[in-house]
Amino acid sequence: MTDRFESILDESISALQAGVPIEEILAEVPDYASELRPLLYAAMVLADPNPELAPEERKAALQAKYMSQVAELPPVLPTFGNKAQAVFRIMRRRLTPKTVLNDLITVTITIFLTLAMTALILSYAAANSLPGDFLYGVKRISENVQLTFAFSAERRTALEDTFNQRRLDEIEELIQQNRAAVVKFKGALNTKVENLWIIEGITVVISNDTLIEGDPQENDMVEVIGLLRTNNVLVADTVKKIR
Amino acid sequence: MKDDLSLLERIKLHDQQALAEVYDRYFDQLYYYINYRLGDSEAAADLAGEVFLALVQALKNGKPPKTSLTGWLYAVARNLAADHIKKQVRTVPLVEDLVADEPPLTDRAYLAQLVPTLKMALRKLTEDQQHVIALRFGQGLSLAETAQIMDKSVGAIKALQHRALASLARFIPAEVNDDG
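Taken in sequence, the protein lines are chains A and B.
Going letter by letter, the first sequence gives residues 1 to 243 in our numbering.
Going letter by letter, the second sequence gives residues 1 to 180 in our numbering.
Where hints are given, some of them may not hold.
Quick list of in silico lysine-lysine cross-link-like pairs, BS3-like style, CA-CA up to 30 Å [to be verified]:
1. B:K12 - A:K83
2. A:K65 - B:K66
3. B:K60 - A:K65
4. A:K186 - B:K63
5. B:K63 - A:K59
6. A:K186 - A:K241
7. B:K87 - A:K65
Hints listed in this document are in silico derivations from the structure and should not be mistaken for laboratory results.
Since we're looking at a predicted model, the values are computed, not measured.
Working from the sequences, and respecting the hints, build out all of it.
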């Protein structure tokens, strides 16, 4: 009962402070009117609607006295604990679901753009690399990514042909530069003369260690993995019939 | 009335700009509060100034406000006002002597005449009750703000407010009550 009356009293005081006349407030709660009336009149008498300001000169003089004492305070350097608390407060203010989401989106977009830009620059720089070069792996990864996103069989076949032609061009370039490298390419087996096979116009040496898979015959398509030496001899490691 | 935690942290580091900000932000409200309690503008200005000097002294002694700057400043203002009232108590006329003998005027004018009587009666209340009345009706603070400053629950403030008004309502003449 007391709790109920205290709540009604406070609501009535709020209404009084908002300018509602006492009798109107009491009319809303007739059961409590007689008990409430003297309390509301007391509240009205005690209210100070126009509080008096301290004279400006007085306020300024007191401020000057205060600030002169403030000026004598020795400086306090923030401790590690102070700094940690400040960082913690800032983090706590920042850790709302909205800011966390915004931060995640920003970080994700930044990482994505950075990776995309890096990949673009590297693939451009790696375009003319040859087997054995530092960026050659990037070139092959870039080709594999293109093959992954080639969803139609025609597109995939066209890309594979393009990339295989690149492998042949790379071997030509390596031969011209007298460079040694491990190479891999596909092509038609043109002729087989003992241990010298001509595959897609390139002479390939078949050694005793060469692994030959599928008994390839002339005009068959084969895949070759081998070592191109500096004397421009390509020794096959594996020759595999693919169709 | 929201307590500024970063302001409190800065004053703990004796940041002069923050301490100047404290004065600008709190002087007027502390002056209102003390003046409401004392009804003496001269003494209220002096005591409001003393609140800030007490803050400097607390910082010098390495005992700054811990969690609530507002609560700390009002607690000092309350103690200074209470001490001042105690010193004056012998010179204050009895409440009963202050009740107007004149015939009732119109409501507003009559109620205005009751202000000194109720202000004197206010001094007979407990310290907590006086503090609640000064904050709620002198400063116009909400229950929640008052509870925050006094470091009590809203329910406790409601109860204090009720008891204080019930005591003061005894000085509201019957003819005013009968008018409704």
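Hint check results:
1. Of the pairs offered as hints, the one joining B:K12 and A:K83 holds, with about 13 Å between alpha carbons and a cut-off of 30 Å not exceeded.
2. Proposed proximity of A:K65 and B:K66 is supported: the alpha carbons are some 25 Å apart, at most 30 Å.
3. Straight-line distance between C-alpha atoms of B:K60 and A:K65 comes to about 16 Å, which keeps the hinted pair within the 30 Å bound.
4. Only pairs whose Cα atoms come within 30 Å are accepted, and A:K186 paired with B:K63 is rejected, the gap being roughly 84 Å.
5. Among the hinted pairs, B:K63 with A:K59 is consistent with the structure: their alpha-carbon atoms are about 26 Å apart, no more than 30 Å.
6. For a cut-off of 30 Å, the pair hint linking A:K186 to A:K241 stands: about 10 Å separates their Cα positions.
7. Distance restraint check for B:K87 and A:K65: the Cα-Cα separation of roughly 25 Å lies within the 30 Å cut-off, and the hinted pair is therefore satisfied.
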